[in-house]
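Asks: Listed here are the chains, written in short residue letters.
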Amino acid sequence: MKRFSQLIQELELSNKTNDKIAALVSYFNEADDRDKPYVIAMFTGKKPKRPVNTSLIKQWAIELSSIPEWLFAESYSSVGDLSETIALVLPPAERNVDKPLHQWINELAQLNGKDDESKKDYILETWNSLNTQERFIFNKLISGNFRIGVSNKMLVNAIAKQSDEDSSKIMHSIMGKWQPDEITYLGLIEGAHVNTDNSWPYPFCLAYALETEPENLGDTTEWQAEWKWDGIRGQIVKRNDELFIWSRGEELVTDQFPELHFLKDELPNGVVLDGEILSIKDGKVQSFSTLQQRLNRKTINKSQLNDAPIGFFTYDILEYNGEDIRQEPLEKRRSILENVISGLVTKNIALLSPVINFKSWEQLATIRETAREINSEGIMLKKLSSTFHTGRKRGDWWKWKINPFTVDTVMIYAQKGSGRRANFFTDYTFAVRDGDKLITIAKAYSGLTDKEIKEVNSFVNKNAIEKFGPVRTVKPELVFEIAFEGIAESKRHKAGLALRFPRIARWRKDKKADEINTLDDLRQLLASTL
Amino acid sequence: MALIEFTNRGIYCKQGNFHIDPWHPVDYAVTTHGHADHVKWGNKNYLCHELTKPILKQRYALEDNVETLPYNKEIDINGVKLSLFPAGHVIGSSQIRLEYKGEICVVSGDYKVEYDGISTAFEPVKCHTFVSESTFGLPIYTWQAQQLIFDQIISWITDNNLKGKTSILVAYSLGKAQRLIKNLAGHYPIYVHNSIANLNEGFAGAGVQLPETIRITPEIKKDELQKGIVIIPPALADGRWVKNLQQPAIGVCSGWMAVRAGRRWRSADAGFALSDHADWPGLLEAIKATEAEKVFVTHGSTAVFAKYLNEIGISAEEVTTKYGAEDDDIIGESTENPVKEEIQ
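As they're listed, the protein sequences go chains A and B. Residue numbers for the first sequence follow this note's numbering, beginning at 1 and rising by one. Residue numbers for the second sequence follow this note's numbering, beginning at 531 and rising by one.
Read the hints as simulated data drawn from the structure, not as lab findings. Ideal Cβ positions, reconstructed from N, Cα and C, are used throughout, including at glycine. Treat each hint with caution, since some may be false.
[As the list claims (entries may be wrong)] Calculated cross-link-like contacts (lysine-lysine; reagent style DSBU-like; alpha-carbon spacing at most 30 angstroms):
#1 B:Lys695 x A:Lys153
#2 B:Lys852 x A:Lys416
#3 B:Lys837 x A:Lys462
#4 B:Lys712 x A:Lys462
#5 B:Lys852 x A:Lys462
#6 A:Lys454 x B:Lys773
#7 B:Lys837 x A:Lys58
#8 B:Lys818 x A:Lys451
#9 A:Lys454 x B:Lys570
#10 B:Lys587 x A:Lys454
#11 B:Lys695 x A:Lys462
#12 B:Lys757 x A:Lys2
#13 B:Lys570 x B:Lys712
#14 A:Lys462 x B:Lys544
[Unchecked claim] A few chain B residues that don't get close to chain A, going by computed Cβ distances all over 12 angstroms:
#15 Ala532
#16 Thr747
#17 Lys752
Could you put together the complete structure from these sequences and hints?
Replies: Now the structure itself:
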């Protein structure tokens, strides 16, 4: 486990993708082969059955460290991670035992079905033989949940680099069905359990944000305008009677969207479509928050299928008759795409993303203003002569987004950060006015400069009204402009609505608390977006 | 009548008519140590340990109005007996012991119980009233023995050295820097930033023996720095000067590094949980050793720590002060410090 512990430390210390990939590559070069499938399973969220429940673990840790429960809770709120809090509060270990990672995992799996006493004996014994960092990892192994900023794509890139294999092949392989105790690392790389020849997607062509006036793009007749949809960019691959759905993160998400599985029967072989996975009801695109109910779920129930039905708006076609047609001009690809989509028997699920007719840039600008009414984020501009580039290239494709919504709010709660930020108020809760009351509307983690954080911090220290653990109620005085991307009804929030992706746009030192927006303002906005 | 009271200027001893570590100017300021949150410019007179004097001179150009005392020597101020005891926090750091009509009060400033090899070792002082910090007053903070940490630092530096990276240690110029210099000497040449070199000169003048270091100047070549150890204060860690070094690898030395969120918060390549403050067991040990009837908890996890002390039968109270800005200050020491800490 020492090598794995080193990997975790390296991954946590860097926020640069290249460093993380380098750390993973050297791990896969050096680690025990038997450990590797477990590490891949862990990082891709393949969770084993949890052998001991959290409350027992917590209770034993409190017992062993002989601190009161409230003090454990305070510690947890400062650390922000239960596994780490436990690792830190336990008394120092009396010995040090080193076993390979897969052995720890298998020993934990064997605890399933045993009584609490034997589980406790094993856990306490283990805590007493690991150092703080190893304990932290062991606790994570119990939970099976190890999120440390390694995306599937990053992991796949590292394995591809280490094994000198194609990354989409590796992605297909690790997204397939396998068990870490039944497969070897080599087996995983080779993809013996899946047929990787059929699945590979193309790199996505991405657009830059338009920073100038569209007039500078020249003649309108050279451009195709489409709506920019706020969903999950995806590629649908149909080859040799198999269907694969890839997300923009280059993850296989085929199983998550059963509504699209009919394409397996209806699309011709040798076709790859580019488009947007969206929730579409009665031909209307739903908001992102509706789509969200369907994302990253292992199982989907009936009501989710009803409430958030999935559709696919196609933008482009990259392969036709088994041939790569990305170098053909957009104009030609679009007409092939129109043919393919019109050939589908099942209508209204996989659709053409409509092209917007416009005569002048001013006219298009006016049309763009209506984007929100159809849950679009703005407009995409693509040159009719453009090929389907690999990645981002300046000039041929532009996204022309509408500006975010903003609302003026007042800060009413502040919470301390964790760790080194434990002494600074960095998490704020904002409210709008509702009659003579203030009602919480968003929570945002800073977004301010260090200097502003200091300033807010000293304001909170001076103007705290009440305190609940790490949270302070503060005098409603500081006005912040919050930017957000969307608004949705929400039963979970007291205000009855929730903002999508709220963040602090700026600190409005020029405004007073009585100048902020009201809940009615937001309700009207909500009504206008429905 | 209590020997000390907490006023809006700082800790005040009415019987002796003096303040301890005031944050607004007063006539007579008794100073626990030289960190910026405990000394403010503008008091009429200062009293501090003899090794704190070179710091006040270096950082605040204070000299004529500074009286000094060695440890363990009692003086009388308006009938209050005052003496200094080592706090083990940084060079010269002192606990202030006050005695008046048999009543004893100790104001400890900042302290740590582990001997760091350079600051005079902490000495517990029995008293009726004890004023304690609680910077790391949560049971998640338990330091490793410093030798283990220095071993880790040396192996990190050796590894950087082999990989062609420049090892940069981020440490407060007063305290942590001298502790690193003392304990890391003999492996690689140590290059220090001006603010550290200036303090070291002051200490040398006061008779403190420190291993040899090299002041960083524009003439020193980058590949020389790559082969050595570079020590800089926190304010410079994110600066351009560091970015322009050969493959800079930044190691932050601070107690906050004990927690993962703390290590991630700074853009460091390595975090070493090396602190000049007492850890949780250290705070409890120190407080129990005073046998105090009453403990005032000043800066840090004040509410939590005071509550816990009361639960284990030690009467404690939380006090709001302006201390603690130093270690906690996200901008770095320089904001509180009138001496510019920039290279060139």
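Asks: For the pair we were handed, B:Lys852 and A:Lys462, check the Cα-Cα distance against 30 angstroms.
Replies: holds, 12 angstroms
Asks: Would B:Ala532 pass as off the interface with chain A, using Cβ distances and a cut of 12 angstroms?
Replies: holds, 25 angstroms
Asks: Holds or violated: A:Lys454 with B:Lys773, Cα cutoff 30 angstroms?
Replies: holds, 25 angstroms
Asks: Hinted pair, alpha-carbon criterion (30 angstroms max): B:Lys695, A:Lys462. Please report holds or violated.
Replies: Violated, because 45 angstroms separates the two Cα atoms, which is more than 30 angstroms.
Asks: Beyond 12 angstroms from every Cβ of chain A: is that where the Cβ of B:Lys752 lies?
Replies: holds, 22 angstroms
Asks: Within 30 angstroms, alpha carbon to alpha carbon, are B:Lys837 and A:Lys58?
Replies: holds, 21 angstroms
Asks: Hint check: B:Lys712 vs A:Lys462, CA-CA at most 30 angstroms. Holds or violated?
Replies: violated, 40 angstroms
Asks: Is A:Lys454 close enough to B:Lys570, meaning Cα to Cα at most 30 angstroms?
Replies: holds, 19 angstroms
Asks: Starting from B:Lys852, check that the Cα of A:Lys416 is at most 30 angstroms away, please.
Replies: Roughly 18 angstroms between the alpha carbons, so the hint for B:Lys852 and A:Lys416 holds.
Asks: Is the straight-line distance between the alpha-carbon of B:Lys695 and that of A:Lys153 30 angstroms or less?
Replies: Measuring from Cα to Cα gives roughly 28 angstroms; hence the hint holds.
Asks: With a cut-off of 30 angstroms on the C-alpha distance, tell me whether A:Lys462 and B:Lys544 pass.
Replies: OK: A:Lys462 and B:Lys544 at ~26 angstroms, within 30 angstroms.
Asks: Please work out if B:Lys818 and A:Lys451 have their alpha carbons no farther apart than 30 angstroms.
Replies: violated, 39 angstroms
The structure fails hints 4, 8 and 11 (numbered hints given earlier, in ascending order).
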